[in-house]
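With chain E held as given, fit chain C onto it using these hints.
Protein chains: 2
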Amino acid sequence: MTQSVDQKASAAASATNEWLTAFQKALTARDADAAAALFADESYWRDIVSFTWNITTVEGGAGVADLLRATLDDVDPVGFRVTEEPTEEDGVITAWIAFETKAGRGSGLLRLVGGKAFTLLTTLDELKGHEEPINDRRPNGVRHGAFRDRVTWAESRAREATELGYTVQPEVLIVGGGQGGIALGARLRQLGVPALIVERNERPGDSWRKRYKSLALHDPVWYDHLPYLPFPANWPVFSPKDKIGDWLEMYTKVMELNYWGSTACKSAVREGDGWVVVVDRAGEEITLRPRQLVLALGASGLPNVPEFPGREKFRGDQHHSSAHPGPDKYKGKKAVVIGSNNSAHDICAALWEAGADVTMVQRSSTHVVRSDSLMDLGLSDLYSERAVAAGMTTFKADTIFASLPFRILHTLQIPVYNAIRERDAEFYHRLEQAGFVLDFGEDDSGLFLKYLRRGSGYYIDVGASELVANGDVKLAEGQVVELTEDEVVLDDGTRLPADLVVYATGYGSMNQLASDIIGQDMADKAGKVWGLGSGTTKDPGPWEGELRNMWKPTAQEGLWFHGGNLALSRYYSHYLALQLKARMEGIPTPVYKRAEVYHTE
Amino acid sequence: MTQSVDQKASAAASATNEWLTAFQKALTARDADAAAALFADESYWRDIVSFTWNITTVEGGAGVADLLRATLDDVDPVGFRVTEEPTEEDGVITAWIAFETKAGRGSGLLRLVGGKAFTLLTTLDELKGHEEPINDRRPNGVRHGAFRDRVTWAESRAREATELGYTVQPEVLIVGGGQGGIALGARLRQLGVPALIVERNERPGDSWRKRYKSLALHDPVWYDHLPYLPFPANWPVFSPKDKIGDWLEMYTKVMELNYWGSTACKSAVREGDGWVVVVDRAGEEITLRPRQLVLALGASGLPNVPEFPGREKFRGDQHHSSAHPGPDKYKGKKAVVIGSNNSAHDICAALWEAGADVTMVQRSSTHVVRSDSLMDLGLSDLYSERAVAAGMTTFKADTIFASLPFRILHTLQIPVYNAIRERDAEFYHRLEQAGFVLDFGEDDSGLFLKYLRRGSGYYIDVGASELVANGDVKLAEGQVVELTEDEVVLDDGTRLPADLVVYATGYGSMNQLASDIIGQDMADKAGKVWGLGSGTTKDPGPWEGELRNMWKPTAQEGLWFHGGNLALSRYYSHYLALQLKARMEGIPTPVYKRAEVYHTE
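Chains as they are written, first to last, in this note's numbering: chain E, 487 to 1087; chain C, 487 to 1087.
Pulled out of the complex, with its shape left as it was, chain E reads as follows (with noise of 0.2 Å):
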């Protein structure tokens, strides 16, 4: 049995370095031919930054020639090798690999079938001579010595803070000091690039701690954890929005980020190479010129506030979700809330715990999926305390989900939530049985592929699905056509009284909501942020290969977009981070095919 696995162990090791050799000896010899004759006709290399200065899936032997003669020249690459032992595994060998290029050095992730290549990913580690202070080349903290010329740190520290914005410009400026704002911080003062984030609440955590009450997080811990500093070993599975608000804000403190709060974005106008930003900082006007303008505006862009005839009518309150302040006020009242997502069900389920009356409009269908069942069948191979105990890494873990193509990840999702679906199959009728329409996605993938097609579509069940399967929070479905003065109207004459009616009616997209900043113009120029180009609802097509505008170069030259949940935002702050690092030190970055713009929300 031993030597079976031993056998095995040696037949993928061989397998690999044979394919490792020929990828070298290809580039070295610049014959993209013969490096794309190593990958099979259905083939995918994803390349994050290293090669394409971009995020890139190219897509079998044509793709990857296409890529290698754009890149080849200036990429220079060598060293490829692995970094571990590869394993086999029902004919897929997975090989953990890295190599260097002209600029820098990489790694990635590579699966072999039958001898050829399966899937690539490549991605840029760091720059050469720009290496991060870390672990053995973590700063000193204190010059040892006696020097008459003294600053500590604390002066250090005081004093950029007294001058960035104000007599030292920023490189980069950052919009929205939500985790993905501060993630990106603490990425860019490791590599030594003056940043600033601005951020409209006042303190870092805000975003979090200004929610209701019953909020927390809907991923676990170990996906969740911020770059450098994880969550420690006693940190609940799901933090509670006041404790993942002390933690950010704990972060941005040690983390030494320059972080304004109480300031808001009011206008970014392009300027030579260069960006010139008026912003309100607790009162006072302040013009900042950042080379780079990074908008963290949060995955829910613009409130999408559907316009009901009879709205300017209705006598009770009325807010978009990201306005409601919470169930207190409710007790005893009558709520109405439209939509049947997740901050739809949350809503709910917070407004009846307070003893609301609460009905909620279904006008499409929704993807439910339990928490248990998403931890247990849906990430615990990767992010879980059994993956930690088995030697997974987060790091490792990130690799491993970037490293699936986008174009084959539903495949790849659909046996999990049949999985799931078997699983929780009496909790599916149970909520059937009260009218709740269900969906699993459009072509059942389930829940990654509705966020990562259109953000949207979909609820966590924390508690809430119990409410509406038990009749507690009662359904209506339909489509709302009007309000009166106390009702919501549906279209089927269906009339709901209300003291409440909360629209959970979604978001548009990011460069919609940045458009009051970078105006319209240029939010249209930039176009849609987020989606896959996937032809599902609210994701139209031509297939685009990549998120949209996402962590990477856009229509706008100096304009990017960052976010993403805690997972995506933490592994995407390295590359988009090393991306800025890059052109702060004029470094060549030639773009390989950037990303065309087919949608403008």
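Hint data in this document are derived by calculation from the structure and do not stem from the laboratory. Be aware that a few hints might be false.
Note that identical chains are pooled: a pair holds if it fits in a single copy or bridges any two copies.
[Claimed, not checked] Here are the simulated DSS-like pairs of lysine-lysine, each with C-alpha atoms no more than 30 Å apart in a straight line:
| hint | residue 1 | residue 2 |
| --- | --- | --- |
| 1 | Lys699 | Lys739 |
| 2 | Lys820 | Lys799 |
| 3 | Lys739 | Lys696 |
| 4 | Lys1024 | Lys1011 |
| 5 | Lys817 | Lys960 |
Using the frame of chain E, we list chain C on its own:
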């Protein structure tokens, strides 16, 4: 070659298993003598709580037999086993072990020489039924589901803040909110022991912030991690004082500690099986009734200010080093610093950097070791990037250190300091040329033994020694006989003009510092804190075997002392917390040979 390594490993494994089998057999048979016979004539068994509910070292077969006779029935130890492959080097087999007792689960480290135990360390890891909610047992964080009686995390914390110390009494009151009190607070919270920390400064970390500006930690980061939440990979090697202050403040918050700043402890009186403690919380007098009282006042106890004649005549500024405000007002002034250990050197360097005219008065020899050399030769096997990369964990490093018997620790350190002496021969030569009187501890065992024996008498050089060696900081040798209006006069007639006199003259024992709180009688009853009874300067015999009064039962029921440097505080806070938890839960804690009190200060 490979086969030889395997053979060695295999021999080590069987020797260990043989020993453990025999040991367990003797324990099960309650045969103390048979167990004792497994120990070498020169041998040491150090137990931390698991057998003795104390921190105790016994020596030789007789010591082992006595310990076992006293504890075997209550402890009922079972399951002694290795937890990883034992290793052998230079005739010493080292084995990581684990076992169970009636009340808990423990682990430790065993060293065998010639088939007999040379050193055995046993420590209590956890109490059965009270395992920490950590890793796979971490709390969920939020109650999933819908509950009309939901209390959120934020509400729960707010309630705790209004109740604890007012309507609900803490089980444990920790006096002193520096890193020691904070680390212990985190451990207690993890164990579900209601604890309150009172600190006279306003914010956690202030005791660092308020020090002179050039101060940084002298211990490198790998040595300094707090429990549960290690410093991140980008943390500097030596934390500047404000940065460590920020970390402590953040840690206190995210570890959810109950911390009252601006709170001075006025008195603590024994009442029944608890205490009545009066504190002044920001001007409000509050009476607390904890069951357990932990003093974490700092290794530096009561400042020691010698009664030099003429002090009242002196017209310049004079203060103990602990009250030194920093060098800023002394530019161009004459500063005389009495003392030649850590504080003296730091203050002299800071004054010199600020442009003062500085003289150091050395009254007795000082052990100086350069920070680099200490890191490289003293700590790096256990606490360094290299160690981490080689698989060393902080817990293992702490445990290895804890497993070295105090009785022989000096013999293990002498070669280290010989190497340092050789490495820095030129440096030491220049210091002595300047007139500085050096030592390496009374038996040449160096810094750590001086630290354990007396907590003073050394300087970890981070730059001041160069100033002494080159004369930028002037040196005077001798005893102070008196002060005049404007001079310090030494016993050889030297007159040192002075605008400032700093008494860097050390501290008394923590129990005397505590006498303000617990009264002189109880301070004397508890006895001297710290030191080993080595019979060296400031550490009079008889031999104690362990640090006096630290982290273990004292002569006063319900009174405990916590502290030590960051590493000791991290490690021992765990075992102190377990002892407090056991008492809270009513678990029997028969203490084996509570230490006698031989000295009151």
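(message) Going through the numbered hints above, which ones does this structure break? Give me the numbers in ascending order.
(response) none
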